[in-house]
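Trainee: Chain by chain, the residues run as shown.
There are 2 protein chains.
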Amino acid sequence: MVSTLVRAALSQPVEYTPVWFMRQAGRSLPEYREIRQGNAMLEACRTPDLVTEITLQPVRRHGVDAAIFFSDIVVPLQAAGVDVVIEPGVGPVIAHPVRTRADLERIPDLDPEAIADIAESVTRLVASLGGTPLIGFAGAPFTLASYLIEGGPSKNHERTKAMMLGDPELFRDILAKLAGISTTFLEVQLSAGASAFQLFDSWAGYLAPRDYRTHVLPHSTGIFSALSSCDVPSFHFGVQTGELLSSMAEAGSDVVGVDYRVELPDASRRVRPGQALQGNLDPAMLFAPWEVLRPRIETIVREGLDHGGHVFNLGHGVLPATDPAVPGLVVEEVHRVSRLVLAERAAASTGATAGAEEA
Amino acid sequence: MVSTLVRAALSQPVEYTPVWFMRQAGRSLPEYREIRQGNAMLEACRTPDLVTEITLQPVRRHGVDAAIFFSDIVVPLQAAGVDVVIEPGVGPVIAHPVRTRADLERIPDLDPEAIADIAESVTRLVASLGGTPLIGFAGAPFTLASYLIEGGPSKNHERTKAMMLGDPELFRDILAKLAGISTTFLEVQLSAGASAFQLFDSWAGYLAPRDYRTHVLPHSTGIFSALSSCDVPSFHFGVQTGELLSSMAEAGSDVVGVDYRVELPDASRRVRPGQALQGNLDPAMLFAPWEVLRPRIETIVREGLDHGGHVFNLGHGVLPATDPAVPGLVVEEVHRVSRLVLAERAAASTGATAGAEEA
Numbered sequence: 001m002v003s004t005l006v007r008a009a010l011s012q013p014v015e016y017t018p019v020w021f022m023r024q025a026g027r028s029l030p031e032y033r034e035i036r037q038g039n040a041m042l043e044a045c046r047t048p049d050l051v052t053e054i055t056l057q058p059v060r061r062h063g064v065d066a067a068i069f070f071s072d073i074v075v076p077l078q079a080a081g082v083d084v085v086i087e088p089g090v091g092p093v094i095a096h097p098v099r100t101r102a103d104l105e106r107i108p109d110l111d112p113e114a115i116a117d118i119a120e121s122v123t124r125l126v127a128s129l130g131g132t133p134l135i136g137f138a139g140a141p142f143t144l145a146s147y148l149i150e151g152g153p154s155k156n157h158e159r160t161k162a163m164m165l166g167d168p169e170l171f172r173d174i175l176a177k178l179a180g181i182s183t184t185f186l187e188v189q190l191s192a193g194a195s196a197f198q199l200f201d202s203w204a205g206y207l208a209p210r211d212y213r214t215h216v217l218p219h220s221t222g223i224f225s226a227l228s229s230c231d232v233p234s235f236h237f238g239v240q241t242g243e244l245l246s247s248m249a250e251a252g253s254d255v256v257g258v259d260y261r262v263e264l265p266d267a268s269r270r271v272r273p274g275q276a277l278q279g280n281l282d283p284a285m286l287f288a289p290w291e292v293l294r295p296r297i298e299t300i301v302r303e304g305l306d307h308g309g310h311v312f313n314l315g316h317g318v319l320p321a322t323d324p325a326v327p328g329l330v331v332e333e334v335h336r337v338s339r340l341v342l343a344e345r346a347a348a349s350t351g352a353t354a355g356a357e358e359a
Numbered sequence: 001m002v003s004t005l006v007r008a009a010l011s012q013p014v015e016y017t018p019v020w021f022m023r024q025a026g027r028s029l030p031e032y033r034e035i036r037q038g039n040a041m042l043e044a045c046r047t048p049d050l051v052t053e054i055t056l057q058p059v060r061r062h063g064v065d066a067a068i069f070f071s072d073i074v075v076p077l078q079a080a081g082v083d084v085v086i087e088p089g090v091g092p093v094i095a096h097p098v099r100t101r102a103d104l105e106r107i108p109d110l111d112p113e114a115i116a117d118i119a120e121s122v123t124r125l126v127a128s129l130g131g132t133p134l135i136g137f138a139g140a141p142f143t144l145a146s147y148l149i150e151g152g153p154s155k156n157h158e159r160t161k162a163m164m165l166g167d168p169e170l171f172r173d174i175l176a177k178l179a180g181i182s183t184t185f186l187e188v189q190l191s192a193g194a195s196a197f198q199l200f201d202s203w204a205g206y207l208a209p210r211d212y213r214t215h216v217l218p219h220s221t222g223i224f225s226a227l228s229s230c231d232v233p234s235f236h237f238g239v240q241t242g243e244l245l246s247s248m249a250e251a252g253s254d255v256v257g258v259d260y261r262v263e264l265p266d267a268s269r270r271v272r273p274g275q276a277l278q279g280n281l282d283p284a285m286l287f288a289p290w291e292v293l294r295p296r297i298e299t300i301v302r303e304g305l306d307h308g309g310h311v312f313n314l315g316h317g318v319l320p321a322t323d324p325a326v327p328g329l330v331v332e333e334v335h336r337v338s339r340l341v342l343a344e345r346a347a348a349s350t351g352a353t354a355g356a357e358e359a
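Protein chains in written order, with full-length UniProt numbering: chain A, 1 to 359; chain B, 1 to 359.
Derived by calculation from the structure, the hints in this document are not laboratory data. Take the hints with a grain of salt, since some may be wrong.
[As the list claims (entries may be wrong)] Simulated pairs of lysine to aspartate or glutamate, DMTMM-like, Cα-Cα distance not exceeding 25 Å:
1) B:Lys155 - B:Asp103
2) A:Lys155 - B:Asp72
3) A:Lys155 - B:Glu263
4) A:Lys155 - A:Asp173
5) A:Lys155 - B:Asp323
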């Protein structure tokens, strides 16, 4: 039986709207904060006991329709041999930023054997999850490139953009290298049994549309194209990407994730026919009273069903201070209201057919 | 003689495209860093000698077509009596965050006499600037509210949004109070001779469009409406506001500022007929080689002239690490290329008329 998530992602009929949450595993859960005590982030991501437990925590607690593989965007870089640490409160810090061709040439490819632990974590998860699908995880080339070129997180990405425009050949070759690393990282997850994958382009929303199209889109397209033979649904997401949605849609994923800033009917006009949407409740809404939150959920469910294929999600990750009781209520409400709407529409359509037959 | 900036803002004919840069005064200039040594930010903003010198520095150095009044978004709050400090590397920190009606009732209105120093700074600037117009500065109610409610800068604005939805009456009354404070702050600048003003809504781009329209737009509209009798051009800007542009345009400013993420032809379709555009070169482009930067400038100049009224600017503030020699080159190029394009178009139009007469 193909899962509801996979059917929704492929714009096939579903009985209810499936739902998961970006960053559902992690900082908002007390059981996560407990298990991470004494474990550094990158070590945790490479330890199958921890990865499986952390990935499963939100599935148990919230009853979501998918697990998302717990990892960090720089894990494949570290596994390839890049000297990177995650400093708490800062983010990834790259020991030797990549700013010249010689720097690029020092980055090895990612050997699948270097991430046998990732395959092991995925295998264990697939066994534990039963019918619940596991979504594989990787960062997109531009986002990885920004970390490498800036040397860490950046608000303005000025070195990255200056290289993109000032030395486009070097920039292109860095992104091609990173696209290869991300592809391998995802292939390992898919070979081990992941049912779908999402490419996260966290920083793409800092690009002007023409720069995204010229310098970034071809590399993200390459990943979706390389993985199309795996025959699993693919998701593509970045925040602040309203102006980029039609370009991101062209990259060829089955599902386009929508930032909370863009209303779904607008997003619907920007993607390709037959492409599903994911999103897009503002994560800050989980702090609002239920009587305010409930109708917001219904609006998004209805807009998603109006579009066609729809996976309910937030329009950005779960915020750390979120009450861990709330996401589960959202899951129940998405299921309840989507079943109702689908039943209403089926009845209306049967009535219309009956009416048409009578006429 | 009405300045080129004012004419462009009012969509009247100009001989060239005027240009200024958001954050042109400040961190990117060595002469600014020197003068600020030993002067705390809020003290500097209240000292006419410093405000006038800092406001004039970029006019001297870059030859821009307007000065922007040097201030900080929280200056009118502090002047009204809110206990706020600016912590270097953090931003404004509010001693008593505003979370209840009692907290709101403790915020006084802004007495124009409490900001006699602001009037003094503006008067001196207008005298020094000669024909160069001075743009007045204020923060929009939502942005000020977020600082007050969160207690400082916030990445996610979750308390602010939770109040907006959970206690909309309190939220409305806070924004109405802040709109009054911003209006007074601007009235004082305009009475002292400022030739225009810009309302900065730094955080509006973190709102979903329906929330912006319902809970924020009416208060920003109120400011433009209250100041319409001053008969100076008004500018309205926020980053990440692509999806909000048509709503922000409805607030009624003469000019809508455009984030670098939105291409001007797209922005052109989102504003009201006759409304001018401002923007929108990506500030990171100032780090690119001149042979890349130059055609970008030309594209934006041409797109702006295609739209009608256009004030050239960045699509966000000047970045701190910007080479201080570059903005002046941009000014020269905007002037040069816009004169050429206008001459081309005038010739084509004369040719067309001549052609039409011959036919």
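Trainee: Give a verdict on every hint.
Mentor: Each hint, compared with the structure:
Pair hint Lys155 of chain B plus Asp103 of chain B holds up; C-alpha atoms about 23 Å apart against a cutoff of 25 Å. A threshold of 25 Å between alpha carbons decides the hint, and for Lys155 of chain A with Asp72 of chain B the separation of about 20 Å falls inside it, so the pair holds. About 21 Å separates the Cα atoms of Lys155 of chain A and Glu263 of chain B, which keeps this hinted pair within 25 Å; it holds. Proposed proximity of Lys155 of chain A and Asp173 of chain A is supported: the alpha carbons are some 23 Å apart, at most 25 Å.
Restraint check for Lys155 of chain A and Asp323 of chain B: the C-alpha separation of about 18 Å stays at or below 25 Å, so the hint holds.
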